[in-house]
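A.B. asks: Sequences and hints are given; from them, build the entire structure.
Order-wise, the sequence lines are chains P and B. Numbering follows my numbering, in which position 478 of the first sequence is assigned residue number 478; successive positions increment by one, without gaps. Numbering follows my numbering, in which position 475 of the second sequence is assigned residue number 962; successive positions increment by one, without gaps.
No lab work stands behind these hints, which were simulated from the structure alone. Be aware that a few hints might be false.
[Stated by the list, open to error] With beta-carbon atoms standing in for the labels, derived distance ranges:
| hint | chain 1 | residue 1 | chain 2 | residue 2 | range |
| --- | --- | --- | --- | --- | --- |
| 1 | B | 540 | P | 353 | 24 to 32 Å |
| 2 | B | 936 | P | 287 | 54 to 62 Å |
| 3 | P | 221 | B | 817 | 45 to 53 Å |
| 4 | B | 949 | P | 311 | 57 to 65 Å |
| 5 | P | 351 | B | 609 | 52 to 60 Å |
Cβ coordinates follow ideal geometry from the N, Cα and C atoms, glycine included.
One letter stands for each residue in the lines below.
Number of protein chains: 2
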Amino acid sequence: MGEKIPHWLDKQAETNPNKTAIRQSDGEIVTFKELRNESRQIAYGLRGLGVRKGTHIALLAENHKEVPAFIHASSYAGAVLVLLNTRLTPAELAFQLEDAEVQFLFTSNSLKGRGEEASQHLPIRQYSLEEIPRDAGESDVEEEFDLDDVYTMMYTSGTTGNPKAVMHTYGNHWHSAISSALNMGLHEEDQWLVCLPLFHVGGFSILMKSVVYGMTIEYMGTFDEKIIQEAIFERGITHVSVVTVMLRRLLDHLGEASYPEHFRCMLLGGGPVPKPLLERAAERRIPVFQTYGMTETSSQIATLDPSSALRKLGSAGRPLSTAQLLVDAEKEYEVGEILVRGPMVSKKYYNREASDEAFFRTGDLGYKDEEGFLYVVDRVKDVIISGGENVYPAEIESVLSSFPGVIEAGVTGIANEKWGEVPAAFLVLEEHTLWNQEEMERFLEDKLAKYKRPHVYHIVPELPRNASNKLVRRRLPSLVEEHKDEC
Amino acid sequence: MGEKIPHWLDKQAETNPNKTAIRQSDGEIVTFKELRNESRQIAYGLRGLGVRKGTHIALLAENHKEVPAFIHASSYAGAVLVLLNTRLTPAELAFQLEDAEVQFLFTSNSLKGRGEEASQHLPIRQYSLEEIPRDAGESDVEEEFDLDDVYTMMYTSGTTGNPKAVMHTYGNHWHSAISSALNMGLHEEDQWLVCLPLFHVGGFSILMKSVVYGMTIEYMGTFDEKIIQEAIFERGITHVSVVTVMLRRLLDHLGEASYPEHFRCMLLGGGPVPKPLLERAAERRIPVFQTYGMTETSSQIATLDPSSALRKLGSAGRPLSTAQLLVDAEKEYEVGEILVRGPMVSKKYYNREASDEAFFRTGDLGYKDEEGFLYVVDRVKDVIISGGENVYPAEIESVLSSFPGVIEAGVTGIANEKWGEVPAAFLVLEEHTLWNQEEMERFLEDKLAKYKRPHVYHIVPELPRNASNKLVRRRLPSLVEEHKDEC
Numbered sequence: 001m002g003e004k005i006p007h008w009l010d011k012q013a014e015t016n017p018n019k020t021a022i023r024q025s026d027g028e029i030v031t032f033k034e035l036r037n038e039s040r041q042i043a044y045g046l047r048g049l050g051v052r053k054g055t056h057i058a059l060l061a062e063n064h065k066e067v068p069a070f071i072h073a074s075s076y077a078g079a080v081l082v083l084l085n086t087r088l089t090p091a092e093l094a095f096q097l098e099d100a101e102v103q104f105l106f107t108s109n110s111l112k113g114r115g116e117e118a119s120q121h122l123p124i125r126q127y128s129l130e131e132i133p134r135d136a137g138e139s140d141v142e143e144e145f146d147l148d149d150v151y152t153m154m155y156t157s158g159t160t161g162n163p164k165a166v167m168h169t170y171g172n173h174w175h176s177a178i179s180s181a182l183n184m185g186l187h188e189e190d191q192w193l194v195c196l197p198l199f200h201v202g203g204f205s206i207l208m209k210s211v212v213y214g215m216t217i218e219y220m221g222t223f224d225e226k227i228i229q230e231a232i233f234e235r236g237i238t239h240v241s242v243v244t245v246m247l248r249r250l251l252d253h254l255g256e257a258s259y260p261e262h263f264r265c266m267l268l269g270g271g272p273v274p275k276p277l278l279e280r281a282a283e284r285r286i287p288v289f290q291t292y293g294m295t296e297t298s299s300q301i302a303t304l305d306p307s308s309a310l311r312k313l314g315s316a317g318r319p320l321s322t323a324q325l326l327v328d329a330e331k332e333y334e335v336g337e338i339l340v341r342g343p344m345v346s347k348k349y350y351n352r353e354a355s356d357e358a359f360f361r362t363g364d365l366g367y368k369d370e371e372g373f374l375y376v377v378d379r380v381k382d383v384i385i386s387g388g389e390n391v392y393p394a395e396i397e398s399v400l401s402s403f404p405g406v407i408e409a410g411v412t413g414i415a416n417e418k419w420g421e422v423p424a425a426f427l428v429l430e431e432h433t434l435w436n437q438e439e440m441e442r443f444l445e446d447k448l449a450k451y452k453r454p455h456v457y458h459i460v461p462e463l464p465r466n467a468s469n470k471l472v473r474r475r476l477p478s479l480v481e482e483h484k485d486e487c
Numbered sequence: 488m489g490e491k492i493p494h495w496l497d498k499q500a501e502t503n504p505n506k507t508a509i510r511q512s513d514g515e516i517v518t519f520k521e522l523r524n525e526s527r528q529i530a531y532g533l534r535g536l537g538v539r540k541g542t543h544i545a546l547l548a549e550n551h552k553e554v555p556a557f558i559h560a561s562s563y564a565g566a567v568l569v570l571l572n573t574r575l576t577p578a579e580l581a582f583q584l585e586d587a588e589v590q591f592l593f594t595s596n597s598l599k600g601r602g603e604e605a606s607q608h609l610p611i612r613q614y615s616l617e618e619i620p621r622d623a624g625e626s627d628v629e630e631e632f633d634l635d636d637v638y639t640m641m642y643t644s645g646t647t648g649n650p651k652a653v654m655h656t657y658g659n660h661w662h663s664a665i666s667s668a669l670n671m672g673l674h675e676e677d678q679w680l681v682c683l684p685l686f687h688v689g690g691f692s693i694l695m696k697s698v699v700y701g702m703t704i705e706y707m708g709t710f711d712e713k714i715i716q717e718a719i720f721e722r723g724i725t726h727v728s729v730v731t732v733m734l735r736r737l738l739d740h741l742g743e744a745s746y747p748e749h750f751r752c753m754l755l756g757g758g759p760v761p762k763p764l765l766e767r768a769a770e771r772r773i774p775v776f777q778t779y780g781m782t783e784t785s786s787q788i789a790t791l792d793p794s795s796a797l798r799k800l801g802s803a804g805r806p807l808s809t810a811q812l813l814v815d816a817e818k819e820y821e822v823g824e825i826l827v828r829g830p831m832v833s834k835k836y837y838n839r840e841a842s843d844e845a846f847f848r849t850g851d852l853g854y855k856d857e858e859g860f861l862y863v864v865d866r867v868k869d870v871i872i873s874g875g876e877n878v879y880p881a882e883i884e885s886v887l888s889s890f891p892g893v894i895e896a897g898v899t900g901i902a903n904e905k906w907g908e909v910p911a912a913f914l915v916l917e918e919h920t921l922w923n924q925e926e927m928e929r930f931l932e933d934k935l936a937k938y939k940r941p942h943v944y945h946i947v948p949e950l951p952r953n954a955s956n957k958l959v960r961r962r963l964p965s966l967v968e969e970h971k972d973e974c
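C.D. replies: Here it is as structure tokens:
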């Protein structure tokens, strides 16, 4: 048993009853008191359907209006909430529903059919969010959390093998919110914009911050750079969480303007970022905080703090105040696997043995500089070993994408008699771009050591990505096979 | 076993190496990096003397310069630190040293003699702070905390029976700091002034906030209103923790001036406060946050938040975000014992059975209004029952002290044939004040119901207080006995 804390939404409804909890981008507002009441109504409905403390329920929905209240209702009901990625196929969904032993599936109306297909052979009761009874009358709900109790399960992307369900306790989410506040400070007027899906930990963690801090969030259905800029310039948004491609779109849309003074933080996660992009952001007075984190760490576990943001461009900063982060290497600047530990780190995957190691092995490679700043290099399993040298695809991809006309690049190792492995590049080009390999090779000459330069280039229509939109490098070669078949 | 977090001072030394950790009021500064290095040196010295993880060590010192580093050194050494009140007699100190099974006693130079007297019959090794070797060389120290491990022990005032040692874990102190930040916000430029002794939880908790937040504190030897005003007006202090008598002295010294805009919080603890004083503070733009807390709650557990400070004058606010607070009563406005629960609440007194109740019974009486705001009324055991009515000495004292010429007032119950008990007043008057009981009685007519008005008045030179400077009402009658003997 862990420490007990009162239900965070009850607390905010008591302390800040009339403060806006959630503002939809269309202007609709719900206060903390209204959100508490709505969430409790839904929880009573869940109880009526048979959901009990510890029942596994799943949610399949885009960022719909009803989702935040449903997420809080799950905690009032004491359910374990499995958050499903809406990009998954019915077969993938079925795997997760079965693996997680889900008893109830709740969907948005638009995903009802997909849910039915996924759950058809499983002992699961399915309802749309609208079908949860709202007139069930009061019943006993959970009014405090044991920080050691499991609240959510989210499946990791599973670029290899079957996906695994990361179990998050209330304490994991709470500590994640707290350590972020200790890093960024906490101002009365803070407002965080949610443009990431709530079924990923990056979006979900903002909803948690809202109830832990008593902070207003603006909540968007889908990413829209125009609406985001309006929210920042006109509605007082101080924080936005994004991934690289979103930052690029925001910058393109911004033109020559600069962000207003009140804007405190552009939290940038989801992998290595090209340096030129960070420099462009700095010119536009966008305080980009590069972060490092993953589902298992309940979002960011390391963040580049404001005072070092420009001095350490490209770094993911240092571990948050309650976190520890090691690089499995002998000395500074040496690359090794990144190991983490802290109260925001998930202790276990569902139905798998818990590890008895003190630190969680992330599978990511990185190094620390002499001041302890982390630089994330790549995934362990994506490293190319060429003539005894370690070659990191992410580094090559970053350089390739800065070549005019290249939209995105993927790099993986292919067998080579002399070197063992060599890098192969897969490029997506802008329309009407003429490919000139010689120019690219000249471009790379002073940017990459010889052994890092691709031996072969493939122009492809798109790169293989998983449901979390992450590049799956091991599927790059098959892309060429397919391509060949087509020719 | 609880969650593990890295040593907070190591963390600040890494994140904010050159930020001022502590500024003495004479201008001397120590950065987080310097404080870490100094504290580790002392910890190596403690190890050299034989202090191991779990060893009980005691500190007897005023707010000396060396004390903060010693407190942090104790955590690096993994010791359990017993903080002794410097106002105690050698016999009282001896009781605590023996009861807490202390093995090492560390004192300031000025209290060396008192320490020796206290420990002379005990198996205790005593050193002055200066005698701890600083050249012991590195040794293994604690680099992370288990939040469930005990860090400090502080004896409760013990107005009845023997004092008991409140055991605080690292988690108690950490959660106390966190819940205060969630309540007040956390700004980069925050600076908290310490004018309370570090051996009380009110002062100690500020030192904890400094290392948990990475916040600068200004640290004073003794209370001095002139230096405090300078710190606020000239050195950017944003927060001060005080008790009532200190606030009065600050207001008297302030004259017609108002506090600067950057000043965010005057945290006021230590018992009921006369309303006129709060009104005077409001006029001077002093944001007074009335709080409720005690050693067992690791400082504040309820605080009146900024938005309600004026609307709810006299209230101690609502429980902090991770805390729960109940009044053992049937309905709003009904007085009952205050019960609390939360991760900042100590679980146990040393060498006593842990309570199996979910909530800690504070022994304080209070009520909540319809919005859940707490009003602290008095100590359970000080209540006077007069003709079946509950009479609260604190309420009467508050009115008596607002009478011209009265410096302070103490009220207790005395036996009465007709009513069972009736209130008796003990007043300390300003010099050259002529006592006129009739005027006082007229003054009270519209302020207190008849059954609350004192039946008898005693003018005394001072009120009996314990080592924590709290009024000991049960000793008021003996004061008159002594007084009689003297006559």
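A.B. asks: Now tell me, hint by hint, if it's right for this structure.
C.D. replies: Cross-check of the supplied hints:
| no. | hint | in the structure |
| --- | --- | --- |
| 1 | B:540 x P:353: 24 to 32 Å | 30 Å, holds |
| 2 | B:936 x P:287: 54 to 62 Å | 60 Å, holds |
| 3 | P:221 x B:817: 45 to 53 Å | 48 Å, holds |
| 4 | B:949 x P:311: 57 to 65 Å | 59 Å, holds |
| 5 | P:351 x B:609: 52 to 60 Å | 56 Å, holds |
This entry satisfies every hint, going by the numbered hints stated previously.
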